[in-house]
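These protein sequence lines map, in sequence, to chains A and B. Quick note on numbering: the first sequence equals residues 10 to 194 in this note's numbering. Quick note on numbering: the second sequence equals residues 915 to 1118 in this note's numbering.
Any given hint could be a false lead.
Claimed, not checked - Keeping only pairs whose Cα atoms sit at most 25 Å apart, straight-line, the calculated SDA-like set for lysine to any residue is: (1) A:Lys140 to B:Gly1106; (2) A:Lys140 to A:Val114; (3) B:Lys1104 to A:Asp55.
Said to hold, decoys possible - Here are the in silico distance ranges between beta carbons for each label pair: (4) B:Gly1099 to A:Arg86: 25 to 33 Å; (5) A:Lys102 to B:Pro1023: 37 to 45 Å; (6) B:Gly1099 to A:Thr70: 50 to 58 Å; (7) B:Asn978 to A:Glu181: 24 to 32 Å; (8) B:Glu1082 to A:Asp187: 44 to 52 Å; (9) B:Asn978 to A:Asp91: 42 to 50 Å; (10) B:Gly1045 to A:Lys102: 39 to 47 Å; (11) B:Lys1001 to A:Asp91: 36 to 44 Å; (12) A:Asp50 to B:Val1020: 36 to 44 Å; (13) A:Asp91 to B:Asp1044: 53 to 61 Å; (14) A:Glu181 to B:Asn1067: 42 to 50 Å; (15) B:Asn1067 to A:Lys140: 28 to 36 Å; (16) A:Ala101 to B:Met948: 21 to 29 Å; (17) A:Val114 to B:Ser973: 14 to 22 Å.
Derived from the structure by calculation, the hints contain no laboratory data. For every residue, glycine included, the Cβ atom is placed at its ideal position computed from N, Cα and C.
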Amino acid sequence: MVRRLGIAFVGLAAFLGSGFAVFAQLQFANTAKPPGDSVSDIRQIDLDGLKKLLERDPKDTRPLLVNFWATWCDGCREEFPDLVKIDNDYRAKGLNFVAVSLDEVEDIRTKVEPFLKEMKAAMPVVLLNEKDPETAIHFVDPTWQGDMPATFLYDKDGKVVFKHFGKIKPAELRSAIDKAVGSKQ
Amino acid sequence: MRKQYAFTVILAVSLIIAFTAIAGSGRNDDNALMAPPIGSTIDDFKLPDADGASHSLSSLRGKNGAVLIFIATRCPISNGYNERMEKLSQDYKAKGITVIGINSNVTEPVSEVKSHALEKHLTFTILKDDGNKIADRLGAGHTPEAYVLDANNKLVYHGRIDNSLKIENVTSNDLRDALDELLAGKPVSKTGGAAFGCSIKRAS
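Assemble the whole structure, with the sequences as input and the hints as a guide.
Below, the structure is given as structure tokens:
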């Protein structure tokens, strides 16, 4: 009898334990954000990563907004609140927005993350880590000399439909996004 | 007849104004800046220094050429190159090439340009480009951004100083290489290079 009770107890404990483990996994899966989708999860990319970002997954036909910025760039910091608003307003309308930081890798925790938290930024942020940025700059746009900030909007076919060097004029960018996502605001 | 004549004059004047505006804006329709092509001759210009004294490019240019570098007082990237720019100036002054700094930022007053140069020990001439006229003419977009002119004001290089703000990561000294080739009488093999920098804060 005692032996049977013991076996039953072990079995019950195993059942409950595995159930709890499954429950915990599900909870983690629901709350864990995919890489690049969290303010604190900034993925480093190199030139190849930048190419993949801009060449796009063929299955992703959303218009793509890319903003090149850095915490050392005061124009970038000044325009960021407008970009956060644009992200909030257009993400549900089908705009994919990725911010590419040109900060130093060692500044991710001390400068980049605190800034993004202050901005309440929700868009994916990646950091371009290339010792020589020239090829990356010219890959993005052959006319670009590296002026920061720089903003590019690609339509669903991957064509550049808007680009701006220096601080954006929000109304101009919004107008371009409206056309790209096919909405009027 | 008079009406036709008046219309023609008005149309011609409008076209001239429009052409001048486009040509002087330094930007194309995509908002990208238009720099003079390599090989073009840069017209002489005059700008004041931080003390208000006016200087012409021709008076400052060395016997073998000049390096114009658009710089800033508040841009961390431009400031990260302060020592390198000063060393460049010292190294090439003796070789007949003058480094000339140009500050076109509307947000940086001339008093700040002067105090910044003193604080950072920059001894080369720094000119204040109010209204960013020279920045527009040369299509300069950010700091630091360098232009090398030969003894006849021909543009032989336009671009970055080197490939990295961190000295330990510098593998390509593009500006120095261009100057050395110029001094050796050789064609400049790499006439430009891109690097990230702070946009020039323009008045217009």
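Evaluation of the provided hints:
1. A:Lys140 to B:Gly1106: holds (17 Å)
2. A:Lys140 to A:Val114: holds (11 Å)
3. B:Lys1104 to A:Asp55: holds (24 Å)
4. B:Gly1099 to A:Arg86: 25 to 33 Å: violated (46 Å)
5. A:Lys102 to B:Pro1023: 37 to 45 Å: Since Lys102 (chain A) and Pro1023 (chain B) have Cβ atoms about 43 Å apart, the given range 37 to 45 Å holds.
6. B:Gly1099 to A:Thr70: 50 to 58 Å: holds (55 Å)
7. B:Asn978 to A:Glu181: 24 to 32 Å: Given range 24 to 32 Å: violated, Cβ gap about 45 Å.
8. B:Glu1082 to A:Asp187: 44 to 52 Å: Holds, since Glu1082 (chain B) and Asp187 (chain A) (Cβ atoms, about 46 Å apart) stay within the stated range.
9. B:Asn978 to A:Asp91: 42 to 50 Å: With a Cβ separation near 47 Å, Asn978 (chain B) and Asp91 (chain A) satisfy 42 to 50 Å, so the hint holds.
10. B:Gly1045 to A:Lys102: 39 to 47 Å: Between Gly1045 (chain B) and Lys102 (chain A), where Cβ atoms are some 40 Å apart, the hint holds.
11. B:Lys1001 to A:Asp91: 36 to 44 Å: For Lys1001 (chain B) and Asp91 (chain A) the Cβ distance comes to about 40 Å; the hint holds.
12. A:Asp50 to B:Val1020: 36 to 44 Å: holds (38 Å)
13. A:Asp91 to B:Asp1044: 53 to 61 Å: violated (28 Å)
14. A:Glu181 to B:Asn1067: 42 to 50 Å: The hint (42 to 50 Å, Cβ to Cβ) is violated, given that Glu181 (chain A) and Asn1067 (chain B) are roughly 37 Å apart.
15. B:Asn1067 to A:Lys140: 28 to 36 Å: holds (34 Å)
16. A:Ala101 to B:Met948: 21 to 29 Å: violated (39 Å)
17. A:Val114 to B:Ser973: 14 to 22 Å: violated (45 Å)
When held up to the earlier numbered hints, the structure conflicts with 4, 7, 13, 14, 16 and 17 and fits the remainder.
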